[in-house]
Structures are given as C-alpha cells and as structure tokens.
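Asks: Sequences listed follow chains A and B, in order.
Numbering-wise, my numbering puts 252 at position 252 of the first sequence, and it's gapless, one number per residue.
Numbering-wise, my numbering puts 40 at position 40 of the second sequence, and it's gapless, one number per residue.
Just so you know, these hints were derived from the structure itself, not from any lab.
Just to be clear, a hint being listed does not mean it is correct.
As the list claims (entries may be wrong) - Below, simulated EDC-like cross-link-like pairs (lysine to aspartate or glutamate); rule was C-alpha separation at most 16 Å, straight line:
#1 Lys167(B) / Asp329(A)
#2 Lys166(B) / Glu252(A)
#3 Lys168(A) / Asp100(A)
#4 Lys166(B) / Glu386(A)
To be verified - What follows is a list of derived Cβ distance ranges for each label pair:
#5 Leu217(A) / Ile114(B): 56 to 62 Å
#6 Ala7(B) / Leu379(A): 53 to 59 Å
#7 Tyr390(A) / Gln54(B): 39 to 45 Å
#8 Ala125(B) / Thr356(A): 17 to 23 Å
#9 Ala90(A) / Ala8(B): 39 to 45 Å
#10 Thr322(A) / Phe147(B): 54 to 60 Å
#11 Lys167(B) / Leu348(A): 29 to 35 Å
#12 Val102(A) / Lys9(B): 38 to 44 Å
#13 Phe298(A) / Ile49(B): 17 to 23 Å
#14 Lys137(B) / Glu254(A): 45 to 51 Å
#15 Ala69(B) / Val38(A): 32 to 38 Å
The beta carbon of each residue, even a glycine, is placed where N, CA and C say it ideally should be.
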Amino acid sequence: MIPPMLRGIEFNVDMIFVTAKAWILSLLAQFLPAWLLVLASIVISGVVILCLGPVIMMYLTLLERKLLGRIQNRYGPNRVGKWGLLQPIADGIKMFTKEDIVPANADKIVHLLAPIVIVVPALMVFLVVPFGERMTAVNLNIGLLFFIAVSSITILPIFMGSWASRNKYSLLGGMRTAAQMISYEIPMTLAVVPAIMMSQSLSTNTIVLSQVGDYDLHWYIFTPWGIVGFIVFFLCATAECNRPPFDLPEAESELVAGFHTEYSGMKFALFYMAEYMNAFTLCAIAATLFLGGWQGPFLPSWLWFFGKTFLLICVMIWFRGTFPRFRVDHLMGFAWKFLLPLTLLNILLTALWQFTSNLAAWFWSILILGISLWTLVKLNRTFVPEKRHYPMGN
Amino acid sequence: MPILEMAAKFGVYAVMGVILIFALGVVTLRNLFHCALCLAAALIGIASIYVVLQAEYLAGVQILLYVGAVVTLVIFAIMLTEHLAGKTVRQNNSQSPLAIMALLGFMALIGTVIVKTPWPVTPAALASKVSVMGLGKALMGAYVFPFEVISILLIAVLVGTVIIAKKDTPERS
Chain A
1 MIPPMLRGIE FNVDMIFVTA KAWILSLLAQ FLPAWLLVLA SIVISGVVIL CLGPVIMMYL
61 TLLERKLLGR IQNRYGPNRV GKWGLLQPIA DGIKMFTKED IVPANADKIV HLLAPIVIVV
121 PALMVFLVVP FGERMTAVNL NIGLLFFIAV SSITILPIFM GSWASRNKYS LLGGMRTAAQ
181 MISYEIPMTL AVVPAIMMSQ SLSTNTIVLS QVGDYDLHWY IFTPWGIVGF IVFFLCATAE
241 CNRPPFDLPE AESELVAGFH TEYSGMKFAL FYMAEYMNAF TLCAIAATLF LGGWQGPFLP
301 SWLWFFGKTF LLICVMIWFR GTFPRFRVDH LMGFAWKFLL PLTLLNILLT ALWQFTSNLA
361 AWFWSILILG ISLWTLVKLN RTFVPEKRHY PMGN
Chain B
1 MPILEMAAKF GVYAVMGVIL IFALGVVTLR NLFHCALCLA AALIGIASIY VVLQAEYLAG
61 VQILLYVGAV VTLVIFAIML TEHLAGKTVR QNNSQSPLAI MALLGFMALI GTVIVKTPWP
121 VTPAALASKV SVMGLGKALM GAYVFPFEVI SILLIAVLVG TVIIAKKDTP ERS
C-alpha cells in the first residue's frame, strides 16, 4: 500500500532519503495533529544533522589517521575492530572518562562556555549544505551569506577559550587565530562572488541547479574564473579551519597546542569536533560552488555530493601530510598580497566571461590570468628582510 | 496553525528578554572582556529577531559585520592592551546621575515619536519584500552616487591605514 503522501514521489535510489522522510511523516500523520507534523518535519531534519555532524567528525579522524599513516609509510590504527573501524568509538570513550582539568586562575564560566559555543556555528552551517537533490535542510534564499556569516562567529569561541585559560601559549594562539581567520575570510568571501554572479543567486540550491548541462558536467570549475576561484576558496578554507599548512594557531612545536592548551577530556574533544565539522562543511560548500554540488552523471545525487566532498577532504589531509607549516609573515603576505588581488581580478574576469563569446573569452581569460599571475609572483618574490638592530641587545 | 504562531510569539518575547539581559550585562559587568562577549550575544539575538521579521539578508549582514568584524575588533583591542583584559573596572563614575537624566529625556523623546507615528499598515507595504536582488539594483541604479562616494571614502581610509602602518625608514644612530 502506498501512503497518500508518497504519491507523486518517484521511487528511485536518488530520492531514497527524501522518500524515507516522507514515509516517516506519512506514518506519523495517522495519529498526530497537523501542527505537530510541522514540528516533526523540522525535528527529523534536525536530528539527522545533529547525528551526521559528530559521526562525520568521528570517521574523519579515522580517515585522516589512516591516510597520514599511508603517506608516512605505516599502517595507521588497525587494532580496534576491522581496519580500525571502532577506533573513533574507543577514542570517544577515552575522552569521556578523562579528568576535566580547569586551571586555577582560569575564568571558569568563559572557559566552560568556549568549547560549547564553538560547536554551535559548526553545526548551524550544515543547514544550508545541499546534500543531494531536494536534500537541503533549509533552502534559505541567502544560503551562502548565512554560511559566511555563521562561520565568521567561530573566531569568538576560540578567543574565549584562549583568553579564559590565562595561559600565554593560549593567548598567543588566540591572537594568531584572529589575525589568520580575519585575513583569510576576505579572499574567501571574494572568491565566492564569481559563483554568485554567474548563478545570480545566494541560495546554495540554486547555485547547484545553475550548473546543470550536458551529462550534468557543466560545473563552474571547467571555466578559467571557476578554477581560479576554486583554488583560492579551497586554500582559504584550509586556512579558515586552521589545518596544516595553516595551523599556526595550534602549532605544536611553537605553542604546545595553541588556544586549546588548557583543555582536556570532552572539552578538548568539542574543539576537535568543531574543527573537523568545519573542514567538512567548507569542503562541501567548495564542492557546491565550483564542483557542481550533487550534479553528476549516472550515480545518485547524494553519492556524487559525498564523493566530491570526501575527495576534497582527502586533498586537505594530503596537504597536511606533505607541506611544512607557514611562517607568520608569509601567511599574512599570502592572503593580503597574493590571494586578495587575484580574487579581485577574478571578479572582473567573470564579468568579461559573461559578456563575450566562448572561444575568445577563453583566450583573453588565460592571457589576463597568466600575465597577472606572473606579475603577482614577481611582486611577491622572496627577499631577505633587513637585519634588525636591538640597541639594548648587547 | 494558531498553536505554532503562538509558540513563535512566545519565542520572540523570550529572545527579546534574553537580549535585554545581555544588553544589561554589557553596561554592568566589571570585566571588559565579559562585556564584549555580552555585546556579541545581544547582537546575535537582534539578528535572530530580524530573521523572524523575514529580513534574512539584514540578519546575515548584521552577524557578518557586527559579530564577525566589530566585536572581533573590540576583543582584539582589549586583548592587545593586556593589563585591561584581566582587570575589573568600574562601569560608572560621578557623572552617572547626569547621564541617567539625559537618557530619560532621550527615552521620553523617542517614546513620544513612537506614540505619535500612525504606523500605517497597507496591503502594499505588507506584500513588498526587500530582496537581495532589489537591494543590488537600487545600489547600482538610484543610489549609485552615494554608493560610489562611500567606496571612495573607504579607499581613502584604506590608503591612510597603509600609510600610517608603513614602516618608517630606519634611522641609523
């Protein structure tokens, strides 16, 4: 028997989650009033996201350790369960049973609040991620702006944690985080602008829909401005979630652990969780904006989406396994002197692309990009800084 | 659905109450860092009210500019002055009675304005919704001159900042 709510929804693999939700709702409709059904619909989406975030985080840690192990020519975790699949659960139990240490001079309330607050924006941005066709939790018409705005709050809890710990390493880590995140937010936001210009919408769903074409392969990355935008966005995303080679805020060899030096047990795990969830959502948005989101031939949409996102995450892990850490002045110079001019130029290039014919546009775009890249590299060439003299040094 | 609308109404009043509590925290707490955090919380609360009033774009910009930029700048300034961050400071001084009188006068003025304005509710005003596209078209069309003036001002500020922050030529002694 097909429930009445399911008529009109086709049964296929592509729509399996949408169908499942509609089926649960139609089951509930038999003994719940209509107003409770609206709440139930919200609760289902909410519970799925609240479970998805932590589960993704748990298995990202496993994936990262496995991949890093392979990069460093070792096996990675393989003792707990088959292929170490139960390792994240063992880690979770360990985190829960650890002693929670609060420094004597710490600001108790802020110290407690920081790890709790940091998870909130990390979970909230999941709302606008289009996981598949008709699988966006809330189809906001300002989806992308919501994403950028909410992820910019992440600076505050990091500040709270670093300040409340009353530890100079924490404070240094917090200051570095603020400088880094504010700097990289600007090129990241500007790198998004071309995608908004071409799709003429801020809604993540519409941006995915505007990348439809032959074989669903009309992705923005296959245009000159798209590939520049994607590379800039991805680099900034790596910097935004403080992952290597941009991990100065928690540089182990310099600052012990940066802003979460004084955190232990589950509080530390929450910082960790927020970091991995941010890495996931940033990769998901990168896939949405430039890699066509859930568009793709043959396979179901959600499989395409998760495939693209995990591919990007693997690239992030690859970065971690291969690149050494940036120096602070290099980090700032890269954002302000290289990425920012490049994104501004990219916006102009997108406008050019919109108004000229296809073949000529390719030629001019590559010419302009080549010249500007060459100029930017020349302007940013390495130089030996002037030696500082400290009069009181001797 | 009356029950949901009722719940939304109560929710809005609860959010307003929380905003007021945080706003009081901004002006009464003894620690500057706590004040800055309260300010951030109050601003986020105001953004949520904008969302309820269906001004999502305004809410996004509010969070992006005020919480993401202004409060971060405030906290940055507090943390750079290390002695201020840990200390508790008095929030009032001998001029507070005068300030309260000025505030009461201002509130009376605003109150009379609010009461005297008829607040006309027309179907046209209810139906009109400011979209992002409409805002963009207005900025590029009717308001292009003020927009350009503001951008020139911003560029002047940026150039000025760079010149102030530029390293002076080292003086060899």
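Asks: Does each hint hold? Answer for all of them.
Replies: Hints versus structure:
no. : hint                              : verdict
1   : Lys167(B) / Asp329(A)             : holds (14 Å)
2   : Lys166(B) / Glu252(A)             : violated (32 Å)
3   : Lys168(A) / Asp100(A)             : violated (20 Å)
4   : Lys166(B) / Glu386(A)             : holds (15 Å)
5   : Leu217(A) / Ile114(B): 56 to 62 Å : holds (57 Å)
6   : Ala7(B) / Leu379(A): 53 to 59 Å   : holds (58 Å)
7   : Tyr390(A) / Gln54(B): 39 to 45 Å  : violated (59 Å)
8   : Ala125(B) / Thr356(A): 17 to 23 Å : violated (42 Å)
9   : Ala90(A) / Ala8(B): 39 to 45 Å    : holds (43 Å)
10  : Thr322(A) / Phe147(B): 54 to 60 Å : violated (45 Å)
11  : Lys167(B) / Leu348(A): 29 to 35 Å : holds (31 Å)
12  : Val102(A) / Lys9(B): 38 to 44 Å   : holds (40 Å)
13  : Phe298(A) / Ile49(B): 17 to 23 Å  : violated (46 Å)
14  : Lys137(B) / Glu254(A): 45 to 51 Å : holds (50 Å)
15  : Ala69(B) / Val38(A): 32 to 38 Å   : holds (36 Å)
Of the numbered hints given earlier, the model fails hints 2, 3, 7, 8, 10, 13; all others are met.
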